[in-house]
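These protein sequence lines are chains A and B, in that order.
Numbering-wise (our numbering), the first sequence opens with residue 1142 and increments by one.
Numbering-wise (our numbering), the second sequence opens with residue 1142 and increments by one.
Since the hints were derived computationally from the structure, they do not count as laboratory data.
Among these hints, one or two may not hold up.
Identical copies go unnamed one by one, so any copy, or any two together, can satisfy a pair.
[What the hints assert, rightly or not] The calculated DSS-like cross-link candidates involving lysine-lysine, where the alpha carbons are at most 30 Å apart (straight line), are: (1) Lys1305 - Lys1497; (2) Lys1338 - Lys1205; (3) Lys1375 - Lys1465; (4) Lys1274 - Lys1147; (5) Lys1274 - Lys1375; (6) Lys1375 - Lys1345; (7) Lys1338 - Lys1217; (8) Lys1305 - Lys1375; (9) Lys1375 - Lys1244; (10) Lys1338 - Lys1266; (11) Lys1465 - Lys1483; (12) Lys1338 - Lys1375; (13) Lys1452 - Lys1465; (14) Lys1143 - Lys1483; (15) Lys1147 - Lys1483; (16) Lys1150 - Lys1462.
Quantities reported herein were computed from a predicted structural model and do not represent experimental measurements.
Number of protein chains: 2
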Amino acid sequence: MKITTKRAKFTNPLYLESGRILEPYEIVYETYGELSEERDNVVLICHALSGSHHAAGRYEGDRKPGWWDALIGEGKAIDTAKYFVICTNVIGSCFGSTGPMSKMYPEDRPYRFRFPVVTIKDMVKAQRILLSKLGIDRVHAVVGGSMGGMQALRFAVDFPGFVKHIVSLAATHATRPWVIAFNKVAQEAILRDPAFKGGEYDPKELSQSGLNGLAIGRMAGHISFLSHYSMDRKFGRNYVSNEGLYELFGRFEVERYLEYNGYNFSKWFDPLSYLYITKAINIFDLSRGFDSLQEALSRVRSRLYLIGFEKDILFLPEEMKEIKDAMDAAGKSDMAQYYEVKSDYGHDAFLVETDKFSNYLNDILEERL
Amino acid sequence: MKITTKRAKFTNPLYLESGRILEPYEIVYETYGELSEERDNVVLICHALSGSHHAAGRYEGDRKPGWWDALIGEGKAIDTAKYFVICTNVIGSCFGSTGPMSKMYPEDRPYRFRFPVVTIKDMVKAQRILLSKLGIDRVHAVVGGSMGGMQALRFAVDFPGFVKHIVSLAATHATRPWVIAFNKVAQEAILRDPAFKGGEYDPKELSQSGLNGLAIGRMAGHISFLSHYSMDRKFGRNYVSNEGLYELFGRFEVERYLEYNGYNFSKWFDPLSYLYITKAINIFDLSRGFDSLQEALSRVRSRLYLIGFEKDILFLPEEMKEIKDAMDAAGKSDMAQYYEVKSDYGHDAFLVETDKFSNYLNDILEERL
């Protein structure tokens, strides 16, 4: 699959939930497959905290494909022979869409901390505007996991009738203190790192060495993406080297895993974006502006598919189940399904164990349910 | 209860599990109650990662009593009218017993990173030597939670017959990768903090400002001490200030809790001790040197009381249950009991919800079980 990244520029202001605006702003995105003449075969994919618009395929020379390549492609669960698949980089992120390191027009300097707080609602609004610009006024499905699953839920509430099928995986309707606590560790580690320079770091320098604070915060994140069980299975008490037992810096395999993933991540992700996106996740609450979740969901005119993962300790499956219960209470039980994936892997299962829900996802898109 | 801290000095070498020695070394400790003429009323209390020998009572002018004051005192579960209660500061810690910031004899400079790795087995060995020095050759009970529970288990295996009743709470028989991962975040945060100066920091300076890296690591620790459930109940999605929602630095109550506890902790705990003690926890394995846990436990000649906490996510209750199962398999089912405390609080329940197991603990000491 040949991949090209596209860029859309908007000169009208984007009115944010906070009352502030972004003007101008840009959204980068990728598409896979062809838009049908009837423009009725669009599947929008929403990415998670550290994800990007590069959901599938490989750029020339790449070893690794996009983050959901196992699901998106010809003959796969989200079949690009049939669907026109779009994935955008969310605003606030650092892969090309407007974020804290974008230049703050008309200055030539980046926003940095002058960037406004963006919310999941704002991310979704920007995607809706992009789709309009592309001439798309109806979407067959929106699919996303984790923060992507929050976006999918927002589509259901904010744009009733715009999407036919909404698939939210490993997410929640309102972020709980447990998740906020993990994000807090990362935020403090970033803010307190002298190399962060109060947000005035040189991004080129950081992309060489990585910000230690971001690496450390990401390690905490990785704990929450796995679980007691998946760590037992993946690492056990294995040592990297048997001589390390009585050496202070002798390492267990789980330690090497965290180091590797943490310090690598800090070379390709922007610390200010990490602060802004974790803030967006923390304040996500589908019922904000309504009296209750049930009232928010009473607006829904899409079919909702809520997928929880058995051993997800970041967003518990019961949090997804609560959305189904609220749909039932809103008299919309026929429009919502809850599906629990059996998995020991933890939160990361939505990225790693795609084979456990690919058939279900395909059934949704093909309307066999 | 009037409290005095005592100090024992040892000039003989302490032979460590690693093959290295500590020479000389000191142990600080507190005692509550009176030693009986028969010297048969000793209860040894073992502290956790950040604990100290100050388990009960108040020093003059103190607002807060020792860490297990709810359980230790006249008429309490561990009745000081009846028992002679001893609690020592473990070697490697920073409250007076020999640790990395102690002077490395004959130099006038501290060990710092020249301090040897100490293990839970070493901590227990030092306590056994102290007890001998005090003329104590039999102990009625050893009681400890978390790392203290590991020490209690070591007494069972390393000194068969020395202790009559061993009570291990909220611990494990071998530390799992999940716990090692949380410790890793703290270790990296400490090591990467420029103010740590590669271990060459000035302790007086640090006690003023605290080491940010230690504070951040401790925040990660606090996540593991609580649970999804206890955080929901304790903090929910409450904001410190309602205006904070769209402010990047607007804070949830859970964030304030972590900040408060993290940054305070870093002012009174030594970062090198944190590295050494977390290392000791990481490499704890009751079966090391044996073919199996069952073989290790076949030596036990004490009664073992294994207390797990229902929603403990740091050391799962099932890890305590496994010890009971291994005792059963070793043909010692009559010598081991597993007791699960119903609690939503998480790991910290062993410190906070003492009323939920104080009767059971009293029954153990009074031999009513």
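Going down the list of hints, with the structure as the test:
| no. | hint | in the structure |
| --- | --- | --- |
| 1 | Lys1305 - Lys1497 | within (23 Å within a copy, 51 Å between copies) |
| 2 | Lys1338 - Lys1205 | neither (33 Å within a copy, 38 Å between copies) |
| 3 | Lys1375 - Lys1465 | between (32 Å within a copy, 26 Å between copies) |
| 4 | Lys1274 - Lys1147 | within (13 Å within a copy, 77 Å between copies) |
| 5 | Lys1274 - Lys1375 | neither (45 Å within a copy, 46 Å between copies) |
| 6 | Lys1375 - Lys1345 | neither (35 Å within a copy, 42 Å between copies) |
| 7 | Lys1338 - Lys1217 | neither (45 Å within a copy, 53 Å between copies) |
| 8 | Lys1305 - Lys1375 | neither (39 Å within a copy, 39 Å between copies) |
| 9 | Lys1375 - Lys1244 | neither (43 Å within a copy, 41 Å between copies) |
| 10 | Lys1338 - Lys1266 | neither (32 Å within a copy, 47 Å between copies) |
| 11 | Lys1465 - Lys1483 | both (18 Å within a copy, 29 Å between copies) |
| 12 | Lys1338 - Lys1375 | neither (37 Å within a copy, 34 Å between copies) |
| 13 | Lys1452 - Lys1465 | both (19 Å within a copy, 25 Å between copies) |
| 14 | Lys1143 - Lys1483 | neither (34 Å within a copy, 56 Å between copies) |
| 15 | Lys1147 - Lys1483 | neither (37 Å within a copy, 55 Å between copies) |
| 16 | Lys1150 - Lys1462 | neither (38 Å within a copy, 60 Å between copies) |
When held up to the earlier numbered hints, the structure conflicts with 2, 5, 6, 7, 8, 9, 10, 12, 14, 15 and 16 and fits the remainder.
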